[in-house]
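Residue numbers (my numbering), protein chains in the order written: chain A, 1 to 527; chain B, 1 to 360; chain C, 1 to 306.
Hints were generated in silico from the structure; no laboratory data involved.
All values reported here derive from a predicted model rather than from experimental measurement.
Ideal Cβ positions, reconstructed from N, Cα and C, are used throughout, including at glycine.
Check before you lean on any hint, since a few could be wrong.
Stated by the list, open to error - Ranges of calculated distance between the beta carbons of each label pair, as one might list FRET restraints: (1) B:Ile57 - A:Glu347: 57 to 63 Å; (2) B:Arg244 - A:Thr268: 31 to 37 Å; (3) C:Thr296 - A:Gly326: 54 to 60 Å; (4) A:Lys325 - C:Ile123: 55 to 61 Å; (5) C:Ala117 - A:Lys325: 57 to 63 Å.
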Amino acid sequence: MPSFREIQEELPNVLETNMTPRLELRHICKRYPGVIANDDVSLSIMPGEIHAVLGENGAGKSTLMKIIYGAIRADEGEMVFDGNPIASHGPSVSRALGIEMVYQHFALFESVSVVENIALSVSGKFDLTVLANRVRDVSKKYGLPIDPHRFVYNLSVGERQRVEIVRCLMQKPKLLILDEPTSVLTPQAVIKLFETLRQLAAEGCSILYISHKLDEVQVLCDSATVLRNGLITGTAKPKQSTPIELARMMVGADLPETHLDPSTTSDTPFLNVNHLTAPSDNPFGISLNDVLLSVFGGEVVGIAGVSGNGQAELISFLSGEVLFKGADTITLGGKDVGQLDAGYRREQGLAFVPEERLGRGAVPPHHLSDNAMLTGHRLGMVKNWMIQRGKANDFAAQIIRKFNVKTTGYESAANSLSGGNLQKFIVGREIELGPKVLIISQPTWGVDVGAAAFIRQALIDLSRTGAAVLIISEELDELFEVCDRLYVICQGQLSKSLDRKNTNVEEVGLLMTGLNNNSNSDNSKAV
Amino acid sequence: MRFQIERRAEPSSFMRFGAPVYATFSTLVVSSIMFALLGHNPADTLFAFFITPLMTINGISEWLLKASPLILIGCGLAIGFRANVWNIGAEGQLVIGAVCASGVGLFYPAPESTLLLPLMVIAGMAGGMVWAAIPAFLRARMNTNEILVTLMMTYIATLLLSLLVHGPWRDPDGYNYPQTALLPDAAMFELFDPMYRLNTSILITVVAVFAMWFFTERSFFGYKMSVGGAAPLAARYAGFKQSRSIWVGLLISGGLAGIAGMAEAAGPLGQLSAQISPGYGFAAIIVAFIGRLHAVGIVLGGLLLSLLYLGGEAVQLSLGLPSALTSIFQGMLLFFLLASDFLIFYRFTPSPKPTKGGVT
Amino acid sequence: MDLFIAIFTGTIIAATPLIFAALGELVVEKSGVLNLGIEGMMLVGAAVGVWVSYAGLPMPLAIMSAAAAGALASLLFGVLALTFLTNQYAAGLSLTIFGTGVSAVIGKGFGSAPIDALIPLEIPFLTEIPVIGPLFFNYDPLVYFSFIMFGLISWFLYKTKAGLVVRTIGESPESSHAIGYPVIKIRYLAVMFGGAMAGLGGAYLSLAYTPLWVENMTAGKGWISLALVVFAAWRPARILFGAWLFGSMTILQLQGQALGISLPSEVLSSLPYIATIVVLVVISKNWQFLALNFPTSLAKPFRPAE
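Here chain A stands alone, though its shape is the one from the complex (with noise of 0.2 Å):
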């Protein structure tokens, strides 16, 4: 892409031009066995600067980022930091040089406290007072309210996301690098975190800020660097940019649209859920409260909500993994299945793509055939008690061919098949079982552009034929895509409905903070 590399060159920097770059990265390659993650990848970060690592799913940005921080190992190419060559380092060096990362799924440990999270990445004197009174000063600095004694499962996903950021800001950072950092937080939240990051860069902190989503860039990134299948397809200044021209680089085509037709709903509720009550067994766990929803055949239902908030307790009650002790409280199809476990409610037409494709969604080791006959053994794959291996086979066939799985056929296990892809076999086999209701978590999580829309109209198209469809998503605007209703969860509370065509994002971004108006700090629960 030689144009690309000239349109860098011609392009004059924000900041001055004379001074040493934060960081520069010099021809990075990364390869896996069948995937090049970084191919050749250059780039250059001044101080005070917020750059963007822009790229769909499975760019390479994350890969990128950890060769930065120095948590995975390039296999080519060199670092230079404040001028100096980087030869060799891991986090603990990556550290001291001032270099700090917030991962995107976090690197906190739920059984300690907030102190002893960061003392852990802390060098000098272990002495939790002392440093529980420095936490104190920092996240006051910039905004980030945390108590230091509490103990991380009790704490909001972005209450956790401060704790990560305030681990990095007591070090003082030169570099801060964000991965995803807006996909656990409310749109309200997203505004306060780049308040903080801004204030950080006026301090001369670089900033390489990681994201899929272009209004996000657009708003706050200075330069971006646009990777595409492990290599730089474009550098751009975003707030010079359409969104157009940052989505070709990074899609290498026009974004897909999903077509949402109009459509007739069934007269009953295929799905009901009536006032679920449920306390959490477990003290990492969140208790769901009232919860009432229901959802008819014929239409696509949304659950908004930031991670965490009691989304993975509600989906193993409706798909049966966990069983509820209260009657009339579930109903499918008009049937009270509370008590009955998910192979029964299979066999009343429940379908379920769990977010945990591999160990849950299906069995990593398995080849694909007997991964079509983990829940699709019911279409006659089973006869006398044994298993009839061309049906399994002709099943796990049709799902690839259908849904386009890219694998070398249904002998390949399931855990050699990338992300996407795995994603795609999953939700082909459960739209295949034909099932009245359909629940899926997170359907696109990690999955490229063209697969996610790919997913996202199987899921109208399928409800358009009379399926009830739910979906449990992080992601706003792939909801505002797809439904046709919407609720919000939050701290085990579930908002009333809401209509896709009379609400908007900001009176969603406002549910998904609280439903009472209480603010993440008061979830605490009895330790």
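Chains B and C: place on chain A using the hints.
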């Protein structure tokens, strides 16, 4: 050249078969060194260990006789292990099986009856199952770790056996040896040839091997159990009941161990004694692992371990080496086999040459 | 009164090998590794202790050799479980089988030959106090050492940064790796520490408790130590309590006749095993309580991303 470890994109099917060969080879190499250090010629010792025992018909008979219980128990254990049901107490179930069967053999009112032997098989199986049912119940209902419970049950079983053969069941004419009277003839498995000890109980093992193959490879229930073992959350997701896997895994393995114990009493021993088993219940765990929890592999593993027992005895007699060498061999073989499994999923590749100032 | 003193001191002594082995395993499990090979490591420690002592070397050297042998044996497990990512159940079992064999070979030469036992320390004045002296100040040095180890381990796990690192690796090796801790190296150290402690426990059996070498002399004490860790819900103080409970069961069997119990010895001998099962059942019903201190990554293979 330096090497690095790399995860294979797909598990290697070549290594699935190659790994056991590597493991056996490594065991032979290390044991040769060990023999040399002990002052014995490695080649001669290995010959005495592995070849000499099989050069007579009696040797072959003894070989199969010892392999039979190992394979029988190994098949049962493997069914459980596939489902993450860890019955480590087959030794105890074997003992109880022998106790129950001997009880029937000694006290059945019609000692001449042709029903006696089948009744003893049933009693042995039932005894093993009951002993395994206790940990099964505790795991399925109370979520109690079955590894520890099955082991504790083994110690209790051994004490129970000791109590019986030292006390009420001791043969009054047995010169105070801790053993019962001999079982009646009708209680004994028939010998293939009166010259050798191999008996018809091996047919039970043959049937069990085929049944086990069918169960694990072809039956839907076997499939469900393997899902539970490989990914418990996926099993729950699909609605496969874990408690059934626990019950089936423990009852089958307990029942087969019970039959194996019964066949010892009703075969080579001919009575119940304090030393009913030379550790078959524990060795069968190794057999199951060496056999990769697979019917064919278990047969091969059982034959190999049986040969280790015979070889250990042989070198003890001919070369004066300690018989405990057998268990070192067992441990070493298991060690290498487990380690070589790594090669199925990973491979060694030459490290890429670091480039100038490379980020490493 | 004499009987009470005998039962009390007997309990403390019988609990000592369990305390060593269980405290060691606690540290291993806190780091997220489950080593089922305690029985094997104890046996190796017991045999090596006797071997060195039999060779005429001083007692402290025998004890240290036993610990070193236990640590060395644990490396077998470590290589399998940590480097080759073997199923930890299988790796631990193979260590037990291997250790049983190795200890039998080592112990072959001096089967049941009596050796000079570790004797109780005479502490000036304290040992002579009536009742108190015999109850608390009439033990061999290893008994006192087990209490020191208990204090050290409790302090290490909950008051030091290194202990925090071990505990957090046990919760999430992925996160520990992400913030730069050498997870595998630390787990190796934990496993070797556990091996050394199991070796000490074994040495206590063969050098102080019995004191002689008998094949398979641990008779399940390694497994009981494993159960103790579960019973203790992964907390050091409860290990002491549990070990005394099991110790008292063992003593009941030895003092059964003195107490006027006329049951066959086999019945009394089975008490510790039955107690283990009962205790496991009681504790596992209350898993909410267990969850708080449970090392979440226990027995899950981990390999750092590269």
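Right, here's what the structure says about each hint:
Checked against the hint of 57 to 63 Å, the pair Ile57 of chain B and Glu347 of chain A passes, with Cβ atoms roughly 58 Å apart. As the Cβ distance of Arg244 of chain B to Thr268 of chain A is approximately 35 Å, the hint placing it in 31 to 37 Å holds. Range check, Thr296 of chain C to Gly326 of chain A: about 30 Å between beta-carbon atoms, so the 54 to 60 Å window is missed. In this structure, Lys325 of chain A and Ile123 of chain C meet the distance hint of 55 to 61 Å, their C-beta atoms being roughly 59 Å apart.
Under the hint 57 to 63 Å, the C-beta atoms of Ala117 of chain C and Lys325 of chain A, about 59 Å apart, fit the expected range.
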